[in-house]
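Novice: Listed here are the chains, written in short residue letters.
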Amino acid sequence: MEELDGEPAVTVIPGVNSKKNQMCFDWGPGEMLVCETSFSKKEKSEMVPSCPFIYIIRKDVDVYSQILRKLFNESHGIFLGLQRIDEELTGKSRKSQLVRVSKNYRSVIRACMEEMHQVAIAAKDPASGRQFSSQVSILSAMELIWNLCEILFIEVAPAGHLLLHLLDWVRLHVCEVDSLSADVLGSENPSNHDSFWNLVTILVLQGRLDEARQMLSKEADASPASAGICRIMGDLMRTMPILSPGNTQTLTELELKWQHWHEECERYLQDSTFATNPHLESLLKIMLGDEAALLEQKELLSNWYHFLVTRLLYSNPTVKPIDLHYYAQSSLDLFLGGESSPEPLDNILLAAFEFDIHQVIKECSIALSNWWFVAHLTDLLDHCKLLQSHNLYFGSNMREFLLLEYASGLFAHPSLWQLGVDYFDYCPKLGRVSLELHIERIPLNTEQKALKVLRICEQRQMTEQVRSICKILAMKAVRNNRLGSALSWSIRAKDAAFATLVSDRFLRDYCERGCFSDLDLIDNLGPAMMLSDRLTFLGKYREFHRMYGEKRFADAASLLLSLMTSGIAPRSFWMTLLTDALPLLEQKQVIFSAEQTYELMQCLEDLTSRRPVRGESDIQQLQDEDIETTKVEMLRLALARNLARAIIREGSLEGS
Amino acid sequence: MEEIYAKFVSQKISKTRWRPLPPGSLQTAETFATGSWDNEENYVSLWSIGDFGNLDSDGGFEGDHQLLCDIRHHGDVMDLQFFDQERIVTASSTGCVTVFLHHPNNQTLSVNQQWTTAHYHAGPGSPSYSSAPCTGVVCNNPEIVTVGEDGRINLFRADHKEAVRTIVWEVHFHPSNPDHLFTCSEDGSLWHWDASTDVPEKLSLFHQGGRSSTFLSHSISNQANVHQSVISSWLSTDPAKDRIEITSLLPSRSLSVNSLDILGPCLVCGTDAEAIYVTRHLFS
Numbered sequence: 001m002e003e004l005d006g007e008p009a010v011t012v013i014p015g016v017n018s019k020k021n022q023m024c025f026d027w028g029p030g031e032m033l034v035c036e037t038s039f040s041k042k043e044k045s046e047m048v049p050s051c052p053f054i055y056i057i058r059k060d061v062d063v064y065s066q067i068l069r070k071l072f073n074e075s076h077g078i079f080l081g082l083q084r085i086d087e088e089l090t091g092k093s094r095k096s097q098l099v100r101v102s103k104n105y106r107s108v109i110r111a112c113m114e115e116m117h118q119v120a121i122a123a124k125d126p127a128s129g130r131q132f133s134s135q136v137s138i139l140s141a142m143e144l145i146w147n148l149c150e151i152l153f154i155e156v157a158p159a160g161h162l163l164l165h166l167l168d169w170v171r172l173h174v175c176e177v178d179s180l181s182a183d184v185l186g187s188e189n190p191s192n193h194d195s196f197w198n199l200v201t202i203l204v205l206q207g208r209l210d211e212a213r214q215m216l217s218k219e220a221d222a223s224p225a226s227a228g229i230c231r232i233m234g235d236l237m238r239t240m241p242i243l244s245p246g247n248t249q250t251l252t253e254l255e256l257k258w259q260h261w262h263e264e265c266e267r268y269l270q271d272s273t274f275a276t277n278p279h280l281e282s283l284l285k286i287m288l289g290d291e292a293a294l295l296e297q298k299e300l301l302s303n304w305y306h307f308l309v310t311r312l313l314y315s316n317p318t319v320k321p322i323d324l325h326y327y328a329q330s331s332l333d334l335f336l337g338g339e340s341s342p343e344p345l346d347n348i349l350l351a352a353f354e355f356d357i358h359q360v361i362k363e364c365s366i367a368l369s370n371w372w373f374v375a376h377l378t379d380l381l382d383h384c385k386l387l388q389s390h391n392l393y394f395g396s397n398m399r400e401f402l403l404l405e406y407a408s409g410l411f412a413h414p415s416l417w418q419l420g421v422d423y424f425d426y427c428p429k430l431g432r433v434s435l436e437l438h439i440e441r442i443p444l445n446t447e448q449k450a451l452k453v454l455r456i457c458e459q460r461q462m463t464e465q466v467r468s469i470c471k472i473l474a475m476k477a478v479r480n481n482r483l484g485s486a487l488s489w490s491i492r493a494k495d496a497a498f499a500t501l502v503s504d505r506f507l508r509d510y511c512e513r514g515c516f517s518d519l520d521l522i523d524n525l526g527p528a529m530m531l532s533d534r535l536t537f538l539g540k541y542r543e544f545h546r547m548y549g550e551k552r553f554a555d556a557a558s559l560l561l562s563l564m565t566s567g568i569a570p571r572s573f574w575m576t577l578l579t580d581a582l583p584l585l586e587q588k589q590v591i592f593s594a595e596q597t598y599e600l601m602q603c604l605e606d607l608t609s610r611r612p613v614r615g616e617s618d619i620q621q622l623q624d625e626d627i628e629t630t631k632v633e634m635l636r637l638a639l640a641r642n643l644a645r646a647i648i649r650e651g652s653l654e655g656s
Numbered sequence: 001m002e003e004i005y006a007k008f009v010s011q012k013i014s015k016t017r018w019r020p021l022p023p024g025s026l027q028t029a030e031t032f033a034t035g036s037w038d039n040e041e042n043y044v045s046l047w048s049i050g051d052f053g054n055l056d057s058d059g060g061f062e063g064d065h066q067l068l069c070d071i072r073h074h075g076d077v078m079d080l081q082f083f084d085q086e087r088i089v090t091a092s093s094t095g096c097v098t099v100f101l102h103h104p105n106n107q108t109l110s111v112n113q114q115w116t117t118a119h120y121h122a123g124p125g126s127p128s129y130s131s132a133p134c135t136g137v138v139c140n141n142p143e144i145v146t147v148g149e150d151g152r153i154n155l156f157r158a159d160h161k162e163a164v165r166t167i168v169w170e171v172h173f174h175p176s177n178p179d180h181l182f183t184c185s186e187d188g189s190l191w192h193w194d195a196s197t198d199v200p201e202k203l204s205l206f207h208q209g210g211r212s213s214t215f216l217s218h219s220i221s222n223q224a225n226v227h228q229s230v231i232s233s234w235l236s237t238d239p240a241k242d243r244i245e246i247t248s249l250l251p252s253r254s255l256s257v258n259s260l261d262i263l264g265p266c267l268v269c270g271t272d273a274e275a276i277y278v279t280r281h282l283f284s
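Line order of the protein sequences matches chains A and B.
The letter at position 33 of the first sequence is residue 33 when you use the UniProt record's numbering, and the numbering goes up by one with no holes.
The letter at position 180 of the second sequence is residue 180 when you use the UniProt record's numbering, and the numbering goes up by one with no holes.
Rather than coming from a laboratory, the hints here were simulated on the basis of the structure.
Please note: incorrect hints may appear among the correct ones.
Using 25 Å as the maximum straight-line C-alpha spacing, the simulated BS3-like pairs for lysine-lysine come out as follows [as the list claims (entries may be wrong)]:
hint: 1; chain 1: B; residue 1: LYS7; chain 2: A; residue 2: LYS19
hint: 2; chain 1: B; residue 1: LYS7; chain 2: A; residue 2: LYS70
hint: 3; chain 1: A; residue 1: LYS452; chain 2: B; residue 2: LYS7
hint: 4; chain 1: A; residue 1: LYS494; chain 2: A; residue 2: LYS471
hint: 5; chain 1: A; residue 1: LYS257; chain 2: A; residue 2: LYS218
hint: 6; chain 1: A; residue 1: LYS92; chain 2: B; residue 2: LYS7
Here are the in silico distance ranges between beta carbons for each label pair [to be verified]:
hint: 7; chain 1: B; residue 1: HIS74; chain 2: A; residue 2: SER566; range: 46 to 56 Å
hint: 8; chain 1: A; residue 1: PHE39; chain 2: B; residue 2: GLU86; range: 55 to 65 Å
hint: 9; chain 1: A; residue 1: LYS320; chain 2: B; residue 2: SER252; range: 35 to 45 Å
hint: 10; chain 1: A; residue 1: PHE39; chain 2: B; residue 2: SER126; range: 33 to 43 Å
Glycine is no exception: its CB is placed at the ideal position from the N, C-alpha and C atoms.
Take the sequences, apply the hints, and build the full model.
Specialist: Rendered as structure tokens:
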């Protein structure tokens, strides 16, 4: 386990006097709750803590940066594209796809850097300007590391090409050259400019010999005295053998040619050809790979990896990847010269040169403030099949661990949780269970958001979560008296118990008001009606009303009867149903058959016989009882009359 | 293939709408508004895709949409409509309906009018007051109709303080049908359904498929005489006669496309991946 570099930073909570009272805290998914307790550090404890607030402490402020959000969103798209790359692809085509993905990630980092740089320049107060600038340098370091990993691990450049890639890498990241070049070339007399020789030197250090030659020709034009040696130097620069992408020569051929060229340079040095011009002499030494001469240019090189690449360019251009780390370590030591110690970035780059991927990732995890970088880089390297699958002791491998950490961080954000879902999808061991835990805790303040979350759960067959979310929404709806809403949520949750509860409310409402709300929902329940008995009853009862409205009296009558005889109707509702039968009994034509009338009578008797004998009762209850008795009497009368008519009708039909 | 420009904007976009052009204008669409959701601070923003007259370092000025101005919005922007050239109406998840006014001279947005308790479960008078999200808004100068999770439909007049009329109803939306239909979907796809029979050449258009929001384009062709045949082409059951061209617009699918709007040949859409896509050449 690594030791901590130093003391952890202290964060002061405003309003809390930690010297006086003790604080308490609890961890959340990405944050911490802190508040003051009433326990004093001294003997006497006060009754009430002086600070009444509970604080939420978040460490991962990056997630809240507007500009970094673009990084998260855009890289999410790249991540998904990478996961979907055809596993069948192998060899060159796969490698080129992976390199393309890596370049995509890098271009997103650069775009972010560019934007943050603009903001830093435009910042009104110096403090935030500084903060943005430091963010820019962090992003720049990230891109530097990623680029190197791309060259070494993904591109896997062989000897020869390796150096070309490293040269590009250095040129991309040490870019003072461009501004210097603009300065010098823009002046009236470039070769007389103060920084002229600096410019030529740095062009040589970066291996940009064509441009260096152009500069020298200006010098030759300006001072004819040195025209001769400038021309010789120019020729040397022109003839340096370098591997070009389309070149078909083998590595050995290149080495041979380079050796010859190197010896030619040596000869010029021995002959003191450039002795009259110290600038050109030092350029020659640089091109001979002389370490002392290179180290004299520390300021222009500005960092040890530039030194490393230049050194390799002019002493061992066909360096093999496995030999890199010797040169890297010695370059670092030589460049620092014992004056300063390596920074975290230096250690990371060194680990990369040593091809120690795990070390790179570990160091990056420690140095960087959020998981974005290591999660995406590790995932990409895993796709290159570079990570061994040794399990970490808590059950998942490194790629999955980092992705889980990153995604959990996203879920702590009110908006970016949607990105986190896809990351969990691609964590085979613990992704699903993590998603299940996180997704239930997303606050749902609108139906639109709830629908989105539900869709995510339904797509992944997370039925428990669907049920739980629908229940919460159904409950909210019931509390707000939105019965139709509550019913549709319970149907979606397939929650029979809740559907029963809501149906009861509907029926109660009907009894109180005499009409249904949410007719369109009840009318179109379809097979969902079967979810609970009460719901089926509700749907069928409404169907009865519809049939009655459409004057399909015979159908309505049989339905009404079946509701009671099948036992679907709750006992408490039978009186209402029987009362509903009254208009059908009173119609001019006979609707209920004799058989049906007998059954109705049976139901009525069932109902009345079970009524408990009331003892003491107040005025209201007496009145209610009166109404009840009147109803029953009316029903009995109507049923009897209908029975008579039905018998007659049935009797006569048979006759005719 | 038409060009489509993407820009990541650090907010999930719930609605995008083109600013309507003055009648009889020959210009193409230049300005659109967006609303964000699911942030702690949401914004209503105005963007422009007009030519700025100067080239940037990449040598291209066309296509990339620039932010003109924005203003904080309380709650998620559930729906957004242009009331007229300068005013935008939004529906909020806090139940509030707001009219924003755009000041072109100094490029700012300000709140022109607000009905904060347009939608609620328990009313402002009751002790357990709870607001309900306002889910949709439509306007036809000077009237604004809003709808919410409380099941109310409100009719507001732009200059009046109170709702003119309130109807309690369950709401169902049915799209109307001209010959081009665009839909954007929760699964991140964008479909164009082209049932036009009069158009001679094949139009390559994008697809937007899905169920969350359907939108019908404004006048693409001469509506007067196409109207008749258009309706029948959607309802026609003869597959040989009326074929529907279906094309997909977005290059890759990620998160949900929440909203889209079309004006003439220009299309804008916004996604939960916090990106806005614009194209100006729908039918080229």
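Novice: If a hint holds in the structure, say so; if it doesn't, say that too.
Specialist: Now for the hints, and whether the structure bears them out:
With a CA separation close to 50 Å, the supplied pair LYS7/B and LYS19/A exceeds the 25 Å bound. With a C-alpha separation of about 9 Å, the suggested pair LYS7/B and LYS70/A falls inside the 25 Å cut-off, and the hint holds. Restraint check for LYS452/A and LYS7/B: the C-alpha separation of about 23 Å stays at or below 25 Å, so the hint holds. With a C-alpha separation of about 9 Å, the suggested pairing of LYS494/A with LYS471/A holds against the 25 Å cut-off.
The straight-line distance between the Cα atoms of LYS257/A and LYS218/A is roughly 29 Å, outside the 25 Å bound, and the hint therefore fails. Taking the CA atoms of LYS92/A and LYS7/B, the gap is about 32 Å. The hint is violated against a cut of 25 Å. Judged by the Cβ atoms, the range 46 to 56 Å given for HIS74/B and SER566/A holds: they are separated by roughly 53 Å. Hint check: PHE39/A to GLU86/B, Cβ distance near 60 Å, so the stated range 55 to 65 Å holds.
Between LYS320/A and SER252/B the beta carbons are some 39 Å apart, a value that agrees with the proposed interval 35 to 45 Å. The supplied range of 33 to 43 Å is met by PHE39/A and SER126/B, whose beta-carbon atoms lie about 41 Å from each other.
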